[in-house]
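Chemist: If you want the building blocks of each chain, they are given just below.
Number of protein chains: 2
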Amino acid sequence: MDNTRPRMRWWGWGEDGNDGPVKPGAKVILSKHCGWPAGVDRPHVELEDVALPESTLTDQVRTRLGEIVSEEFVRDDRATRISHAAGRSLPDLIRLRAGQLTSAPDAVVYPASTAEVDALLAVCAEQSVAVVPFGGGTSVVGGVDAVRGEFSAVVSISLTRLDQVVDIDEESLTATVQAGVFGPDLEETLQARGFTLAHYPQSFEFSTVGGWVATRSAGQQSTGYGRIDENVHGLRVATPAGPVELRTTPATAAGPNPRQLFVGSEGTLGIITEATLRIRRVPSSVQADSWFFPDFASGTAALREMEQSGLHLDIARLSDVNETAFGLAQLGSELQRKGVLAYLRARGITTPCLLVVRYDGAQSDVRARRSQGRAIVRRRGGVNLGSVPETSWEKHRFSTPYLRDQLLREGMIVETMETSAPWSKVEELHDSISAAIQAEMAERGTPAFVLCHVSHLYASGCSLYYTVFAKQQVGAEIAQWKALKSAASDAIVAGGGTITHHHAVGTDHAPWLPAETGQMWLRMLRAAKAEVDPTGIMNPGKLMNGPDQL
Amino acid sequence: MDNTRPRMRWWGWGEDGNDGPVKPGAKVILSKHCGWPAGVDRPHVELEDVALPESTLTDQVRTRLGEIVSEEFVRDDRATRISHAAGRSLPDLIRLRAGQLTSAPDAVVYPASTAEVDALLAVCAEQSVAVVPFGGGTSVVGGVDAVRGEFSAVVSISLTRLDQVVDIDEESLTATVQAGVFGPDLEETLQARGFTLAHYPQSFEFSTVGGWVATRSAGQQSTGYGRIDENVHGLRVATPAGPVELRTTPATAAGPNPRQLFVGSEGTLGIITEATLRIRRVPSSVQADSWFFPDFASGTAALREMEQSGLHLDIARLSDVNETAFGLAQLGSELQRKGVLAYLRARGITTPCLLVVRYDGAQSDVRARRSQGRAIVRRRGGVNLGSVPETSWEKHRFSTPYLRDQLLREGMIVETMETSAPWSKVEELHDSISAAIQAEMAERGTPAFVLCHVSHLYASGCSLYYTVFAKQQVGAEIAQWKALKSAASDAIVAGGGTITHHHAVGTDHAPWLPAETGQMWLRMLRAAKAEVDPTGIMNPGKLMNGPDQL
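Each protein sequence line maps, in turn, to chains W and F.
Mapping the first sequence onto the UniProt record's numbering, position 509 (from 1) lands on 509, and the numbers just tick up by one.
Mapping the second sequence onto the UniProt record's numbering, position 24 (from 1) lands on 24, and the numbers just tick up by one.
Don't read these hints as lab results, they were simulated from the structure.
Bear in mind that the values here come from a model prediction, so they are computed numbers and not experimental data.
Mixed in with the good hints, there may be bad ones.
Since the list can't tell identical chains apart, any single copy or any two copies may satisfy a pair.
Unchecked claim - Here are the simulated lysine to aspartate or glutamate pairs, EDC-like style, with alpha carbons at most 16 angstroms apart:
{"hint": "1", "residue 1": "Lys395", "residue 2": "Glu410"}
{"hint": "2", "residue 1": "Lys425", "residue 2": "Asp167"}
{"hint": "3", "residue 1": "Lys32", "residue 2": "Glu126"}
{"hint": "4", "residue 1": "Lys395", "residue 2": "Asp77"}
{"hint": "5", "residue 1": "Lys27", "residue 2": "Asp41"}
Using the sequences plus the hints, can you model the full thing?
Modeler: As structure tokens, then:
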């Protein structure tokens, strides 16, 4: 396997061959709400037309880096630099498609061992070269932007050659995994031995273990299997001041938890080279259910009751009225859609909200939980649809980013954002975020269609995940995005939510971080960073050193 | 209620009226293993005979503090100072009983609000007065020692007047609680509304919410209800640089987790004044089971299987051969004990290990889990004893510290220590720690009797909790304790355990912290501390600033 090959096409999501046309039903609904710009075709520029700044890496530094990883693994060709210049946020895609890169790494370096990472960081610190750790490059918050800061050059360190599952402790149910292992490779290795991490962010196919840990990631099954921060039991981090190794313990009272300072540190403290993760046995039984609720509030009430009663859902995903309507609009045929709506109307449901759930475990246990779940949902007014909508969602669960590429080509923008909040604030927050987005976008003359779903449950609250569609404001797409992002983020913070439930901070959420954690915490974080990264080379401009304004 | 009254007697554990004689069976077993020093009676000195250094608090500082809390709540009388001079570790008790205090706070201050705590810290920072946060004073690791450091004076700030349950969010299942609320008061308030935190450290009756959070505490039901670090969802901390408020979120990806830096910070960063905690509904059903295993290994194997299969035990406590023998020795009568042993021998069990478990929840769920648990235990060779041993253990679960007071009087020492480790290391670690303690104590001429139990289960490992008995080395008790502590701690670190699973670091575990977390982490922690406590007044000499040697 060539682990230096970029896995994603340089201008968009994933790999070729997965794109399809926007479905007619979706066009109808987007036309109605946003004014679909018919006939637009805005393809991305060609690779050779991308404006790419000259590499500023000196020969001397290049030689020093090459001495560590061998010359072949210090790359500064056009394709490599461009494919490591940005993540996959909406503004990233707007800039990439237009060929307007404002920054790019001067080189990409591919170490093959933790010792090589240690050595690279020592040289970069000595030579004042900024470092951007790079896993799969799927960040949607500017986390892998090649920010040079005050330094003479910036290199991306790709972890993709650190691709080994080092150890599986079958007795303790932990796996020690190198940072550059991609989702599918990890699951293949684990499942061959009967285990699973079951960490499935939407980026699963193109993101790495190191990226998950660095961004405090949550996956589509994290309600059942836990967020990555809950599943990290040991860590090895390379820092400019030397390696940090945190031993694997199930639990400890030995002071503040060091792991929880490195998990979510987004490459600003160092490079996570290895993580010891909690794994589980592959469940012997998996059962799904799908429901329509008469409204969003009864759906969230059911989810809250299920979660708080210890029912342990492994997947739970409740779409609000708009998201459900958008899903129904894309059903096989208009006839089919009308049939579903008539069926629901006959049962008093005129603003349906779809819930899909899944229970994993031993057969008898799964059966008991499912039956308990059904009782709760029915009491809350849910109408059962069997397992098909859930399995259908699962089948397509990694494909929606391709739709974004297609919509961008056809003159639309698509943005996503997420938060979490205590149950007592969810209803109000759901409405206030939607309203803020709609007001802002209407004012700009590009009315938005806003979808939302709940995808992660906790005893004390849940996540809210938004998808926003609008017509592109041609020539002012970045300003349009900033306005949208600011309106949503202001509403999140004002409503008591967190600025990000699983996308991380990067550059894009940094302006709202002080409101959430306070300036004191950021000062503490910067002081801790100064110990391991005294010259500040690690991922400049992100997280606690991110911009004050978008 | 007078919240400035010390809850514990000044020279020992808890309150008068709970002491009893050491049971004859215990004496027999301790005589056999340790050489019981018959006829010894070493009562504690009288309060007036305790050597207490003069208070060095200046009138000026005293006046400033009094302006904040009123004069009445700045106390420097003998009884108040002595009762805040130490925690309840073995060396604390040795020193207190002998009246040989090496340090004591110059005054104890009792703020009644978070604003008063903020103001007190500002004055102490300005006046260079060291601060020891004081909850219930039950630390067994030197966490509340009045270490003056380089400062002119040291005050203990007692949180006992911050005694309010501020808010219960019944929808989100969280309770916001002031730091000085004691365990029984919290549970009374919560249970009156149908909720529980179910956090029951052995110190439950005499310890506070703030103390639990500051020491990263675990309780006897934490296997089911979670450690305190898992249950803190929001925090308010007063620091010399000003208050830090961490908003309540169920989960977030907004960078490293700030809560997890303050949880377990042991008063070195500031004073936790308020915590928002996850609570649960009081379970409708509670069922217990007790078993004898043929050996410790089959017992841990059963626990591992139960935990890893998602059975969700709420209490699990497996005693090793020595602890089981010690428990049996204290049974009602010799006849009864012999009866039990004969019953077990007939079933092939000659070295019995007692396991008690409890399942909490809805009735049908509890029944299902219990039946599943029974199947696992039987397969591993467990012999069922019904629920009585568990309920009996529960009845007495807060009383063993009183036995320690009695044994100290009768010429014995009793020490406890705890760790956790991955399942794959537990068996070896269990043996190596016992062996290290026994070797060290035998060499000193005071052979030890070492008991151990598992009390906290995690998917990836479990805790080990040791109790050590030996004859006092009269006149060299502190040296004897240091030797014992060092031998055990060296073995813990060497065997891959954590230096403390729930007792915290304080002064006593500080020498082993670098081996566990590395020096880099401690430097990061000190740098973060310098931001909130620039002059270093907060709880000097503990945790990251604790001694390098015992």
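Chemist: Compare the structure with each hint and give your call.
Modeler: Hint by hint, here is what the structure shows:
In this homomeric assembly, Lys395 and Glu410 never come within 16 angstroms of each other (Cα to Cα): the closest approach is 25 angstroms inside a single copy and 71 angstroms across copies. Taking CA atoms no more than 16 angstroms apart as the test, Lys425 paired with Asp167 passes between copies only; the shortest distance there is 15 angstroms, against 43 angstroms inside one copy. Taking CA atoms no more than 16 angstroms apart as the test, Lys32 paired with Glu126 passes in neither setting, with 58 angstroms inside one copy and 64 angstroms between copies. In this homomeric assembly, Lys395 and Asp77 never come within 16 angstroms of each other (Cα to Cα): the closest approach is 37 angstroms inside a single copy and 72 angstroms across copies.
In this assembly of identical chains, Lys27 and Asp41 lie within 16 angstroms of each other by CA distance solely inside one copy; the values are 15 angstroms within and 90 angstroms between copies.
Consistency note: the structure conflicts with the earlier hints numbered 1, 3 and 4.
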